[in-house]
Amino acid sequence: MRQIDPPKVELTAGEPPSDDDLVGRSRDDPQAFAAIYQRYVLKVYRYAHARVGDTAAAEDVTSQVFFDALVALPRYHARGSFAAWLFSIARRRCADHFRRRTDPIRPDDVWPPPADPGPDSETLGRLRSVLEMLSEKERDLLTLRYAGELSHREIGHVLGKSEAAIKMAMVRLMRKLKALWETQDG
Amino acid sequence: MVEHEASTVTEKTLWAHFRAPDPDSEFLAALEKNLLARADVVLVRRAPSPRFAWRLALIAAALTLVGAVLTIGPGRVWAALQRWAGYLPGIGVVELSEARALPAPVARTSLGVTFTIEQLVASPDQTIVVARIVGAGLRGAESPWAIRIGWSRGTSLRGRAWMADPIYAACDDQNCPSEPEPIGYVVRAAFEALPIETNRVTLAWTAPGSDLGDTSGEWSFDLELQPIDSVASGQWMVNSYMPEDARDSHHGIGLVVTRVFQDSQATVVEMQMETPDGVALPSLHGAQLISTLGTVYLPSRVAPVDFDMNPIPLVTTTPLEPGGPTRTLWLDRQLFTPGQPTAREMTLRAEGIQASYESDFEFPVILGEAPAVGQTFPLDVSFDVGGFLIHLDQARIVEATLWEPLAKPRRSLTIELHVDSPIEQDGRRLREIWLDPQFNQVHADPFMDPTTGILTERLAWDTVFTPLDPLTLRIDRVVLDVEGPWVVNWPVPEILPAERP
Chain A
139 MRQIDPPKVE LTAGEPPSDD DLVGRSRDDP QAFAAIYQRY VLKVYRYAHA RVGDTAAAED
199 VTSQVFFDAL VALPRYHARG SFAAWLFSIA RRRCADHFRR RTDPIRPDDV WPPPADPGPD
259 SETLGRLRSV LEMLSEKERD LLTLRYAGEL SHREIGHVLG KSEAAIKMAM VRLMRKLKAL
319 WETQDG
Chain B
840 MVEHEASTVT EKTLWAHFRA PDPDSEFLAA LEKNLLARAD VVLVRRAPSP RFAWRLALIA
900 AALTLVGAVL TIGPGRVWAA LQRWAGYLPG IGVVELSEAR ALPAPVARTS LGVTFTIEQL
960 VASPDQTIVV ARIVGAGLRG AESPWAIRIG WSRGTSLRGR AWMADPIYAA CDDQNCPSEP
1020 EPIGYVVRAA FEALPIETNR VTLAWTAPGS DLGDTSGEWS FDLELQPIDS VASGQWMVNS
1080 YMPEDARDSH HGIGLVVTRV FQDSQATVVE MQMETPDGVA LPSLHGAQLI STLGTVYLPS
1140 RVAPVDFDMN PIPLVTTTPL EPGGPTRTLW LDRQLFTPGQ PTAREMTLRA EGIQASYESD
1200 FEFPVILGEA PAVGQTFPLD VSFDVGGFLI HLDQARIVEA TLWEPLAKPR RSLTIELHVD
1260 SPIEQDGRRL REIWLDPQFN QVHADPFMDP TTGILTERLA WDTVFTPLDP LTLRIDRVVL
1320 DVEGPWVVNW PVPEILPAER P
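For the protein sequence lines, the chains are A and B, in the order given. Every number in the working numbering is 138 more than the matching position in the first sequence, counting from 1. Every number in the working numbering is 839 more than the matching position in the second sequence, counting from 1.
No wet-lab data here; the hints were simulated from the structure. Any given hint might turn out to be false.
Okay, the calculated bits of chain A under chain B, using three or more residues with CB under 8 Å as the criterion [unchecked claim]:
id : stretch
1  : 170 to 183
2  : 190 to 198
3  : 202 to 210
4  : 261 to 274
5  : 280 to 294
Here a beta-carbon is modelled for each residue, glycine too, at the ideal position from N, C-alpha and C.
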C-alpha cells in the first residue's frame, strides 16, 4: 500500500502558491485552508448569488460549499483543477437549494435582477430578458464563466466535458445571445 | 477570453449582470473562523514531519503527551486535552472560555413531529445550535430562516452559517421510492454571539411552508444555559472511575477502556482505540457489557461523538524509533443500560472492529466512445491494503439509484466493479471499497450479493454526461471488518464515585 504524502512546496517571496500547493499544505497545517477560502469565497459567493438570487440563500450555499469542501479535502487529488472541484460542489449545493423549495420558483429566483444595475440599467434589463430565453444548461454555462470566473478548461472539468467542447459551446451560445439581442432590436 | 462573435456590448453587459454585491464582511469573517475551527479536527490526521522547526516542537509536544499517557493514564490526559481543545460532541471545536451551553438536550413532540435541541453553545464570539427535526410534513422545515434565538422582546441573533442534512427512512433497494421525501433533518447553525451576561434565551422554530397545519406555526423553547465547564465535563465525567490497564489487542488494533460511569440510569464506557498508520475510523460492532453476575448490558445507543457516528482522532503518536510505526488514538463512548451495583467486575466484549484502511491505487477502464447501460468491461486488477488482497474481474455500466447524504436519491449512470477475490482473509472481512470521486462523480453504496458473496462497488455520475474515456478509477480506502473478539476486564470500585455523598 503506497502512502500519499502531501506536496511539500517551498514558496519564494512574491510568488503566490498554487491551489494544489495550498491543498497540500492544508493537510499539514489546517490554517492554510484560510488561504484557499480567501482565494475562492468571493467567486463562490457570486456564483451562488447568481444562481439562488438573494443574499441570505447565497450565504447559506457558500457556507455549505466550504464546509463540504473541507470535509472532502483529504480525498481531493491534484489531477485536475481545484476550482473545478470546488464549483462542482457549488453546483450541487445550488441544485439542492432549488430542490428543497416549497413555493413556486419564479423567474427572478433562477435569474435574479442585478444587485447594482449601474449606469446602463436599460441595457442590463434587456440582457436579462434575453437570458430568460436560454435553457438551464446555457444559463449554467454563463454563470460558471461570468459569476464563477472559471476558464473553459475548468468549466470542462465541472461539466465533464473537454475544454474544446466548452469552447465550442460558448461560441455557439454567444452567437445565440447576439441573435436574440438583435431580435429585440427588431 | 470570450470569443468575438458576440458584440463587445454583450460581453461587457454580461460581466456587469453577474457582478453580485459583495458579501457581508461579518459573514465572511465568521464563516472563515468556523471553517478553521473545523479544519483543525477534519484535516489533521497525520504526524508532522520534522522538516521545519515548529514541527520539531510539535513532535516534542507529542512525545510529552505520550509520556503523560504512560505516567498519569490516558483518561486524564484526554480530559485535559478536551478542555484545552474545546471539542463539543456534534459541534466540533469551539472557544470554551466564558462559554455557556445547555446541560441536556431539550425535545418536544407534537402532531407527529419531534423537535430536539441537541445542543446550544453560546461562546464569546458565536452561538451554535444543533437541532434534530423528525416527523411528517416537514417540507421547508430545514430552512435557514426556521430558527430564531432571542433573549427579550424584539431581540434576535443574526444567522451566519447553516448546514442541514436530510434523514431518510430506511428501505431496501427494491422498495425505495424513486424520490422519497426526508423524514427529518439534522440542522447545525451558527449565529452571532449572545450578550455575555445573558443565560436565559428563547429559541423559536418555525416551519415555513410546511404541512403541519395552523397549530404548528411556531414552537418556542425557554432555555437556561450553564457555564460550559460543568456541561463539557458533565456530571458523569466527574463521577466516573478510571480502570487501570484495561486493554486488549488484535490485528494491531488496541482497545483500552479509560473511564467508566455507572449509576441507576446508565453505564457509560469511554474507550480509546489504537490503530496503526493508515488505519482510520475504528468502530466497535457486537459490543456487550458483561458483569460477573452474568448480566449482559446491550448498548442502548452510541454516545454522541463526532456527528453521532465517528470516533474522534485523539492524537497521533510519533515513532519512538526512526522509521517505526506511528499510531493513532481514537476516542469513543458507548452508553449501556444500568449496571448492577453489586457487580465487582465488568467486561467489555466486542466481536469485531470495523476500520478504514487507506489506499492510493488507481487503474484505467477503457470504455470506448459510447458506453451504454449493460455493457461490461473485463478487468484484471489486483491490489492490497494492509496485507488484504483484492482482485477485480469486471466492470459494468448500469443505471442505479444514487443515495447522497446531502441530496435526494435519484437514478444515475453508474459503473459497477465486481470483486472476485475471497471476501474473508485471515480474520478480516471486506466490507466496502471506496472509489475516489472526481469532478462530477459520486460514490454510491456498494452491493453484496448474499447468495454468491460477490461484492459490487459503484461509482456514479452526478449528471448524465458520458464519462471520459479512458476512465481512471482510484481506490481511496477499503473498509474491513476485523474479527476479534476484544475482551477487556476491569474491577469495579466498591463505592462508585456517583454514590459518594
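(request) Given that the stretch 280 to 294 of chain A was listed as covered by chain B, double-check it with a C-beta distance under 8 Å for 3 or more residues. (result) Result for this restraint: holds, n = 5.
(message) Please verify the coverage claim for the stretch 190 to 198 of chain A: does it have three or more residues whose C-beta sits within 8 Å of some C-beta in chain B?
(response) holds (count 6)
(message) Can you tell me if the stretch 202 to 210 of chain A counts as covered by chain B, using C-beta to C-beta distances under 8 Å and a minimum of three residues?
(response) holds (count 6)
(request) Verify the coverage statement for the stretch 170 to 183 of chain A against chain B, using a C-beta to C-beta distance below 8 Å and requiring 3 or more qualifying residues. (result) Our answer is that it holds, as 7 residues pass the Cβ test (under 8 Å) against chain B, meeting three.
(request) Apply the coverage criterion to the stretch 261 to 274 of chain A and chain B: a residue qualifies when its Cβ sits closer than 8 Å to a Cβ of the chain, and three qualifying residues are needed. (result) With 5 residues in contact (Cβ-Cβ under 8 Å with chain B), the coverage given for the stretch 261 to 274 of chain A holds.
Hint violations for this structure: none, all hints satisfied.
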